[in-house]
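Colleague: So the sequences go chain by chain: X and C.
Take 1 as the starting number for the first sequence in the working numbering and just add one per residue.
Take 1001 as the starting number for the second sequence in the working numbering and just add one per residue.
Each hint should be verified, as a subset may be incorrect.
[To be verified] Between beta-carbon pairs, the in silico distance windows are:
{"id": "1", "chain 1": "X", "residue 1": "288", "chain 2": "C", "residue 2": "1066", "range": "39 to 45 Å"}
{"id": "2", "chain 1": "X", "residue 1": "277", "chain 2": "C", "residue 2": "1071", "range": "20 to 26 Å"}
{"id": "3", "chain 1": "X", "residue 1": "474", "chain 2": "C", "residue 2": "1013", "range": "50 to 56 Å"}
{"id": "4", "chain 1": "X", "residue 1": "26", "chain 2": "C", "residue 2": "1076", "range": "41 to 47 Å"}
{"id": "5", "chain 1": "C", "residue 1": "1004", "chain 2": "X", "residue 2": "49", "range": "52 to 58 Å"}
{"id": "6", "chain 1": "X", "residue 1": "167", "chain 2": "C", "residue 2": "1002", "range": "19 to 25 Å"}
[What the hints assert, rightly or not] Some residues of chain C that are not near chain X, with every Cβ distance over 12 Å (derived):
{"id": "7", "residue": "1005"}
{"id": "8", "residue": "1137"}
{"id": "9", "residue": "1184"}
{"id": "10", "residue": "1233"}
To be clear, the hints were calculated from the coordinates, so they are not data collected in a lab.
The beta carbon of each residue, even a glycine, is placed where N, CA and C say it ideally should be.
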Amino acid sequence: MLSHLPILQVILPLLGAPACLILGRGKLAWLFALLVSTLSFCIAATLLYTVYHHGVISYALGGWQAPWGIEYRIDLLNAWLLVIVSGSSTISLLAAQSSISSEIALDKQGLFYVAWLLCLAGLLGILATGDAFNVFVFLEISSLSTYTLISLGPNRQSLWAAFRYLIMGTIGATFILIGIGFMYIMTGTLNMADLAERLPSASESPTVFAAYAFILVGISLKLALFPLHLWLPNAYSQAPSIVTTFLAASATKVALYLLIRFTYTIFPSEFSQFIIPLADIFVALGIVAVFSASIAAIYQEEIKRAIAYSSIAQIGYMVIGLGIGGVLGLQATLIHVFNHALMKATLFMALAGIAVRIGATTLTSMQGLGRKMPWTSFGFVAGGLSLIGVPLTAGFISKWYLVSAAALAGRWPLVFLILLGSLLAIIYIWRVVEALYFKSAADNSPVKEAPLTMLIALWLLILGNVYFGIDTRLPVSISYEAAAALVEGRP
Amino acid sequence: MLSGIYGFLSASFFVLMDAVDVAFTEAAVGSGISPLLMLLTVALVGRNEKHESGKSIPALVLVTITGALLIIGTLSMPEFGSATAPAQTHVGPHYIEKSGSEIGIPNIVTSVLASYRGFDTFGEVAVVFTAGIGVLSLLMLKSSTVQKPVVTSAHKHKVLRIVSKILIPPILLFALYVQFHGDYGPGGGFQAGVIFAAAIILYTMFFGVDIAQQVVSFAVLRVLAAFGVLLYGSVGLVSMLNGGDFLDYSALAENPITGQHIGIIVIELGVGITVAAIMVMIFYCFAGQVNDTGEAGQ
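Looking at chain X on its own, in the form it has when it is part of the complex (with noise of 0.2 Å):
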């Protein structure tokens, strides 16, 4: 059975949809769709630990054998974020049953946990493949499922912020879906490892300049890749609260991870390094991600949103990365995906407990919160301090090895534009804690905390924030493996 886990991993949620329609509604729904994440985050992190081990796994799906197959593939890379991403959404289904009976009406709660599903064997089913079409096959499940997860947010205004992220969502996927038929007719084949075997030689003709570009401006699409990030504000502020814990540590990292294997697996290097200079669009897309959204989200008025802005700005991070390039470079993007991951879980995962409570998350029905909910604030702050960069949490490693990767290729304009942008997030973080710990609530009636199981779910990310800050062995030699192989072209 051992063998089958790379394949086990994307149908057991997969099949677990269905099943969980036919199942029923409710609590039920809830238990079943978290014992199905358990498992599926139990087989990534098997598969992770085969594959640090013993080398890359491949698997052939209805026995044919690639390129004639479709090939299942997992090198640490993805086994990667297959542990992020089934991880988070293990984590958030968890406190999911609280948040979504005060958000969401029972009869469609059923309905909720089967998108949930969808969308998180869409994800896994992306990272898993090692074949071109069956990634837009995937993509189409997680994303219509994400469309649908955000459609059922508490306000009328999430129809419309669903509405305009599936435009922009479709043309994301048609462009990607362009991309690979231009390949398709330029090699003759969907394979990824059959792809870059065949594309150098193909490398010269405008066909394939035109692929690489569809496929590109697709991906920063689904990215949130500035300036392509309009929909995501939107998008992540009006879901329920717990859908954008689950959506921000999971859907922008699968979107990188796609640009990450497309533009090195893929691509020829030589060819995506030339003919147009991607490195450096990378950097400056990034630094300008990063100021401009960090300067929105200190404007924002509604929580949910500003730190929806600022998992803009930290896209842009992780893109700094990629355009630094080396094994250095892409190491720091690939730390800062999993470290970024646990503190925007953290945040939201704070602010699903407050809007739980209270209802709404603006900055002013906040005040005074960190008497009434101290759990739950302390978990913002936690997450706060991670994002800033604070010594002794996950954030500063990311940081750390972001700046030492920048400083090591020469550009000290760029460690002084990283260490600027941090400082904005202590501005947006800080107005946050002053409002919960100095300011005094308007009316002084007693709240709750949050509900147990959100707490228990808090309270592990806001553990694993510190552990990832101060044990870095199990992220740092799995991302320099990673970045190595895929550097170095290995297999």
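With chain X held as given, fit chain C onto it using these hints.
Modeller: Frame of chain X; chain C shown alone:
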């Protein structure tokens, strides 16, 4: 109306390009179901667009750039129909030469879709299922409509009743033919599912959602939609338990070719069930909304 014409036109494009299977789907979905859903939406939201002044020049620029890039992309493409194109020389020949002996059914398209790239097809079924879940979560049918169905005017309308009696049974029969003949000619689960759904939708259009629910109720559709996906997936699981990889139909029976046959027929059935159920379900949801607003309006 125009989108219906577009659907038929692109279907004939596909026929010209010898992609009969795709043309079939396009004809059923592109000119059948989607214009219908669009009409229903128009019925829901009204037919006039809100006027917004202000022209968007950046949008025009973007569209131009995208179009230019698409044209650049076609510049160095191998010529249409060229036998030396990479798409014809790399993976393709294997399918053409070997699928007869490896899978043993005459329709190579079905071999590729259902077996070589069977996992993609599984994904596509999941996409249809996801779309259904999305619509369902937004436009859930009110379960309070259990009162005795009203006999609508169409029921008294003799012409409609007779026409429906003449049309619906052959459509259903044709759907089943398309479903099970997919191994030999153009067809398969997707097309059959849509055609089957079209018959039920026609019935619903004549007699209303309430009466159609007596034929196929909403709860049954929900279960059927999930069942199709599970059926497909379980074929994969069984082949895993028999010692093959996921969706390796050769492991289903002693003789690999027999196994492939069984596998393909069962998964096509799963596809058909899910597609039909989801299509009807989406239509019910839309039509239910139209009825509600109609009653509210009166």
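Colleague: Against this structure, judge whether each hint is valid.
Modeller: Status of each hint after checking the structure:
{"no.": "1", "hint": "X:288 / C:1066: 39 to 45 Å", "verdict": "22 Å, violated"}
{"no.": "2", "hint": "X:277 / C:1071: 20 to 26 Å", "verdict": "24 Å, holds"}
{"no.": "3", "hint": "X:474 / C:1013: 50 to 56 Å", "verdict": "53 Å, holds"}
{"no.": "4", "hint": "X:26 / C:1076: 41 to 47 Å", "verdict": "57 Å, violated"}
{"no.": "5", "hint": "C:1004 / X:49: 52 to 58 Å", "verdict": "55 Å, holds"}
{"no.": "6", "hint": "X:167 / C:1002: 19 to 25 Å", "verdict": "20 Å, holds"}
{"no.": "7", "hint": "1005", "verdict": "22 Å, holds"}
{"no.": "8", "hint": "1137", "verdict": "4 Å, violated"}
{"no.": "9", "hint": "1184", "verdict": "21 Å, holds"}
{"no.": "10", "hint": "1233", "verdict": "4 Å, violated"}
Violated hints, in rising order: 1, 4, 8 and 10; the structure is consistent with all others.
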